[in-house]
Amino acid sequence: GENVEQHPSTLSVQEGDSAVIKCTYSDSASNYFPWYKQELGKRPQLIIDIRSNVGEKKDQRIAVTLNKTAKHFSLHITETQPEDSAVYFCAASKEGGSYIPTFGRGTSLIVHP
Amino acid sequence: EADIYQTPRYLVIGTGKKITLECSQTMGHDKMYWYQQDPGMELHLIHYSYGVNSTEKGDLSSESTVSRIRTEHFPLTLESARPSHTSQYLCASSEEGTGYEQYFGPGTRLTVT
Numbered sequence: 175g176e177n178v179e180q181h182p183s184t185l186s187v188q189e190g191d192s193a194v195i196k197c198t199y200s201d202s203a204s205n206y207f208p209w210y211k212q213e214l215g216k217r218p219q220l221i222i223d224i225r226s227n228v229g230e231k232k233d234q235r236i237a238v239t240l241n242k243t244a245k246h247f248s249l250h251i252t253e254t255q256p257e258d259s260a261v262y263f264c265a266a267s268k269e270g271g272s273y274i275p276t277f278g279r280g281t282s283l284i285v286h287p
Numbered sequence: 064e065a066d067i068y069q070t071p072r073y074l075v076i077g078t079g080k081k082i083t084l085e086c087s088q089t090m091g092h093d094k095m096y097w098y099q100q101d102p103g104m105e106l107h108l109i110h111y112s113y114g115v116n117s118t119e120k121g122d123l124s125s126e127s128t129v130s131r132i133r134t135e136h137f138p139l140t141l142e143s144a145r146p147s148h149t150s151q152y153l154c155a156s157s158e159e160g161t162g163y164e165q166y167f168g169p170g171t172r173l174t175v176t
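Line by line, the protein sequences give chains A and B.
All residue numbers for the first sequence refer to this note's numbering, where the first residue is 175 and numbers rise by one.
All residue numbers for the second sequence refer to this note's numbering, where the first residue is 64 and numbers rise by one.
Just chain B, same shape as in the assembly (with noise of 0.2 Å):
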């Protein structure tokens, strides 16, 4: 079923870990994005792709990095996780051409302690 994956759904790090937070998308589209969400709250951007070999910072400054090797695949890594990273991560996609419709993932949840 075309969707967009992400994993983990829920992540307890220690301080000073190294992690990467994976997004997949079944759906063959160009563009994916992150956003930063703390529950109930405005969506952050991140980083985003306009496709493979493409990557771009966001409007909220961030201690992550990502990459774009494959279409369907846009992982976020943190070098050195903290407290304040403690939020949820949404990944999302959209096809250029029809619809512009943003698709979002289920969300990563991540507390760092």
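Next comes chain A alone, as it looks inside the complex (with noise of 0.2 Å):
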């Protein structure tokens, strides 16, 4: 089956400073990749996705890469503000069938004012 790396765990970053976070997949089949951010006891939401077929997207300070060949794809945050803080989840999965996302572990990410 799938297997989601997802690094660091924990990403200290003063306000104002770009944040990555890098993930890994083993599926080549795998062509959907969400990321998901969690706040503080809420619920995980949607805040940025990408298809297989396109390689970059951007929405505003949040922008998602994605190398099919290396198997891996990134979240990109600029000019991060105290209210980014959270846990963000990265997840691959296949569109169409009977298909289950694989989540990777998180990364708690922490902007200092």
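Just so you know, these hints were derived from the structure itself, not from any lab.
Treat the hints with care, since some could be wrong.
As the list claims (entries may be wrong) - Covered stretches of chain B, going by a simulated chain A footprint (3 or more residues, C-beta under 8 Å):
# : stretch
1 : 99–109
2 : 164–176
To be verified - With a straight-line Cα cutoff of 20 Å, these simulated SDA-like cross-link-like pairs (lysine to any residue) come out:
#  : chain 1 : residue 1 : chain 2 : residue 2
3  : B       : K120      : B       : G103
4  : A       : K231      : A       : L214
5  : A       : K216      : A       : Q255
6  : A       : K196      : A       : T239
7  : A       : K211      : B       : Y68
8  : A       : K211      : B       : E164
9  : B       : K120      : A       : N177
10 : A       : K211      : A       : S192
11 : A       : K268      : B       : V175
12 : A       : K196      : B       : E105
13 : A       : K196      : B       : G103
14 : A       : K216      : B       : E142
15 : A       : K268      : B       : E158
16 : A       : K216      : B       : S87
17 : A       : K211      : A       : V194
18 : A       : K268      : B       : P102
19 : A       : K216      : B       : E164
20 : A       : K211      : B       : P102
None of these values were measured; they are calculated from a predicted model.
Even for Gly, the Cβ is constructed at its ideal location relative to N, Cα and C.
Need the complex rebuilt from these two chains, each delivered in its own frame; the hints are there to steer you.
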């Protein structure tokens, strides 16, 4: 089955710095890669996703890049703000059929004011 | 409003009790999931369903059972609660066809004394 590795487990940055979280996956057939943000005491929510037919996607201060050859994808947050502090989860899945997403272990991002 | 609901939000029970955690979604999604998560930690898939009358066990060994008699309803039952079941339980759903985004419920925080 699919295996997703996520690094780092904890990331501490100063407000205004950039943050990068990296994930690798094992199943080359995976083609859908979402990122979820879970604030303290709240439910995970999708913040951005990417499909295997594109290499990069941006939404304001967040972006995701995908390298299918190396089987890794990354979340980039620029100009970090204290409200970006949360646990971030990456996942890998295959669209269609009976596929269930596999999650990374999560990264706790702390943005210091 | 289309959403995914969980009840109760908090539950404290004694060892040996039988409990059912409720999950309902009003989005008409086929796939539903149950995750166990300690605060800020990784998401462990314990059960999932592809649709009515479909239930599958996830990666994490669990002493719980689930049922899916109606599309919108996916309850999780613990026949005999133990202190090791103390955790947060998150229900989620997703649609097959577009997006594949998972929508999470607010969670049930269970404490077994």
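Taking the hints in turn, this is what the structure says about them:
no.	hint	result
1	99–109	holds (count 5)
2	164–176	holds (count 6)
3	B:K120 <-> B:G103	violated (23 Å)
4	A:K231 <-> A:L214	violated (26 Å)
5	A:K216 <-> A:Q255	holds (18 Å)
6	A:K196 <-> A:T239	holds (10 Å)
7	A:K211 <-> B:Y68	holds (19 Å)
8	A:K211 <-> B:E164	holds (13 Å)
9	B:K120 <-> A:N177	holds (17 Å)
10	A:K211 <-> A:S192	holds (16 Å)
11	A:K268 <-> B:V175	violated (37 Å)
12	A:K196 <-> B:E105	holds (16 Å)
13	A:K196 <-> B:G103	holds (18 Å)
14	A:K216 <-> B:E142	violated (27 Å)
15	A:K268 <-> B:E158	holds (13 Å)
16	A:K216 <-> B:S87	holds (18 Å)
17	A:K211 <-> A:V194	holds (14 Å)
18	A:K268 <-> B:P102	violated (28 Å)
19	A:K216 <-> B:E164	holds (17 Å)
20	A:K211 <-> B:P102	holds (14 Å)
When the structure is compared with the earlier hints, violations turn up for hints 3, 4, 11, 14, 18 and for no others.
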